[in-house]
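Chemist: Please build the complex by placing chain B on the supplied structure of chain A, with the hints as guidance.
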Amino acid sequence: MKSRYAAAKNVFLDSIDIDDYIELDSSVIAYQQLEHSIEKPLKMILLFGRPGTGKSILLNRIHEKLKHQKEIYYFDTPAANEKEFFYKLFKVLTKKKLPNNTEVNFSALIEFCQNLRGKREIVILLDEAQMYSPEMMEKIRLLSDTRAIKFVVSLHKTEDEDLIAKEHFQSRIWEVIELRNATDKDQTSYIHKKLLKKNLFEIANSIKDRDMKLIHKFTKGNYRECNKLMFTIFEICEYYDENEPSKINYSQIPKKIIEMSALKLGYIHA
Amino acid sequence: MHDMKILEDNWKKYQIKKRKPWYLFLSFLLIIILIIFLFLKNNFTLFSSVQSFLTKISNVEISNSKSVSNYSSDYTLLNGALTRLELIDKKIKNSDKSDISNDVLVDIPILEIPDESISEEVNNFNRKKIHLNIIESTSVKAYKDVEKRFYESNDIDDGLFLARSYYKKGNYKKSAYWSLQVNKLNTNVEESLLIFVKSKIKLGHKNEALGILISYIKKSNSKEAKDLLLRINNNKF
Numbered sequence: 001m002k003s004r005y006a007a008a009k010n011v012f013l014d015s016i017d018i019d020d021y022i023e024l025d026s027s028v029i030a031y032q033q034l035e036h037s038i039e040k041p042l043k044m045i046l047l048f049g050r051p052g053t054g055k056s057i058l059l060n061r062i063h064e065k066l067k068h069q070k071e072i073y074y075f076d077t078p079a080a081n082e083k084e085f086f087y088k089l090f091k092v093l094t095k096k097k098l099p100n101n102t103e104v105n106f107s108a109l110i111e112f113c114q115n116l117r118g119k120r121e122i123v124i125l126l127d128e129a130q131m132y133s134p135e136m137m138e139k140i141r142l143l144s145d146t147r148a149i150k151f152v153v154s155l156h157k158t159e160d161e162d163l164i165a166k167e168h169f170q171s172r173i174w175e176v177i178e179l180r181n182a183t184d185k186d187q188t189s190y191i192h193k194k195l196l197k198k199n200l201f202e203i204a205n206s207i208k209d210r211d212m213k214l215i216h217k218f219t220k221g222n223y224r225e226c227n228k229l230m231f232t233i234f235e236i237c238e239y240y241d242e243n244e245p246s247k248i249n250y251s252q253i254p255k256k257i258i259e260m261s262a263l264k265l266g267y268i269h270a
Numbered sequence: 001m002h003d004m005k006i007l008e009d010n011w012k013k014y015q016i017k018k019r020k021p022w023y024l025f026l027s028f029l030l031i032i033i034l035i036i037f038l039f040l041k042n043n044f045t046l047f048s049s050v051q052s053f054l055t056k057i058s059n060v061e062i063s064n065s066k067s068v069s070n071y072s073s074d075y076t077l078l079n080g081a082l083t084r085l086e087l088i089d090k091k092i093k094n095s096d097k098s099d100i101s102n103d104v105l106v107d108i109p110i111l112e113i114p115d116e117s118i119s120e121e122v123n124n125f126n127r128k129k130i131h132l133n134i135i136e137s138t139s140v141k142a143y144k145d146v147e148k149r150f151y152e153s154n155d156i157d158d159g160l161f162l163a164r165s166y167y168k169k170g171n172y173k174k175s176a177y178w179s180l181q182v183n184k185l186n187t188n189v190e191e192s193l194l195i196f197v198k199s200k201i202k203l204g205h206k207n208e209a210l211g212i213l214i215s216y217i218k219k220s221n222s223k224e225a226k227d228l229l230l231r232i233n234n235n236k237f
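Sequence order for the protein chains is A and B. Quick note: the first sequence uses the working numbering, first residue 1, plus one each step. Quick note: the second sequence uses the working numbering, first residue 1, plus one each step.
So that you can see chain A by itself, here it is in the shape it has in the complex (with noise of 0.2 Å):
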């Protein structure tokens, strides 16, 4: 028989699939305030936080609301290099595909944009963009010059990533939106609605108050390890219960196995 913490367990795999988006009061916030500049004339928009604050399913989530409305494309990946970003920019202006053997002109894609100024609006996220190079960044920002494409740049919150922003884009007209860690009643709430929306009630009401911050305080509020802290707890609940059934209590959930998920994951040291 499965155990009852294997489905607990699947609902924290790490995924920006718009189907887990969890929408908590922080979330709300960042996502209308990205919604509303990207309605803004600006020309390029910075999105930035620590790893696993929530960008990529925030930039996922508008995607997927706006897509109908707008000519948004979501670039999640960044190219591996130059040729192939102008490969999927051309693809993404033209509708057409480059034909082989061919490289795009960048004078001549500024050109091409400059003529779709008026007629066309659109709205590229741009997930990662830490991993571009300044050069390509240089260009980027070229390209929302000519008014006809708006970039939303999502960067990794590091101190070179700040400066990378600071180099190619202060003196450009541009927004930031900062999303932050969760706090410890975000985080909470985020856990519970995760295991509600998959209908866990009772391992969800197993997990008290100071047991939530605990984790919060393992994960310093961070989506992403919240994740794997809680993929791991209910891992190790998982083979107490189909192993060793003594050890596991239904209705709370031990803070031994929190530990020593924290223990796994590197958290605290012994």
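Read the hints as simulated data drawn from the structure, not as lab findings. Please note that a few of the clues may not be correct.
Unchecked claim - Lysine-lysine pairs mimicking BS3-like chemistry, simulated, CA-CA at most 27 Å apart:
1) K247/A <-> K17/B
2) K13/B <-> K217/A
3) K247/A <-> K13/B
4) K213/A <-> K20/B
5) K185/A <-> K208/A
6) K5/B <-> K217/A
7) K17/B <-> K220/A
Stated by the list, open to error - Partner residues aside, some chain B positions facing chain A, computed with beta carbon under 8 Å:
8) M4
9) N10
10) W11
11) Y14
12) K17
Said to hold, decoys possible - In silico negatives: residues of chain B with every beta carbon more than 10 Å from chain A:
13) I35
14) K148
15) N188
Here a beta-carbon is modelled for each residue, glycine too, at the ideal position from N, C-alpha and C.
Modeler: Showing chain B alone in chain A's frame:
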């Protein structure tokens, strides 16, 4: 989950590590409590010994003052002399204890009390036998025992014995002191007054001694006192 055993072991180690500061804190607290306890205990012992010492002193003082007050009516005659004696009394009390053994023996007989009479008294009372033994042994401790007994019982015989013995040994400060103690208890003991007067003369306080002796003669018309006065005046003392 093949590593569950390792994970459990790690968790046990983590628990020990997590509680380590608490263990250290508790140990530290325990040590502090122990130190405070020992410190208080020692202080209490010290306090107790100081307190018992003070009680002892105050008891002696109380008994002395009681004795004095009991015989206050007898002071009318020797009031002036006794005031002066009181002042000397304190000095003698604090004088060096080694005086007993260091003082040179002066072979001066006690005029009014022949040795035979002492011997007779000794024969009559067991306590006097003890005095004789002490004289033979010349043990400082034995004198101390008699002094202690005097403070406890205010026995005039003990006081007189000490005054007499110290006078014989030439320790005039002590003989004056002990004769005064006897006089405080009973002003009618002539021997104590005479030893006191003689001790004072030996100590060079002739005027003071004469003042006391004359006052006594006026009061008692004692033949012994008159003889002593005559000898003093004739420088035959």
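Chemist: Work down the list of hints and note, for each, if the structure agrees.
Modeler: Results of checking the hints against the structure:
no. : hint              : verdict
1   : K247/A <-> K17/B  : holds, 22 Å
2   : K13/B <-> K217/A  : holds, 20 Å
3   : K247/A <-> K13/B  : holds, 18 Å
4   : K213/A <-> K20/B  : holds, 22 Å
5   : K185/A <-> K208/A : holds, 13 Å
6   : K5/B <-> K217/A   : holds, 25 Å
7   : K17/B <-> K220/A  : holds, 22 Å
8   : M4                : holds, 6 Å
9   : N10               : holds, 4 Å
10  : W11               : holds, 5 Å
11  : Y14               : holds, 4 Å
12  : K17               : holds, 6 Å
13  : I35               : holds, 34 Å
14  : K148              : holds, 73 Å
15  : N188              : holds, 94 Å
Checked against the numbered hints above, the structure violates none of them.
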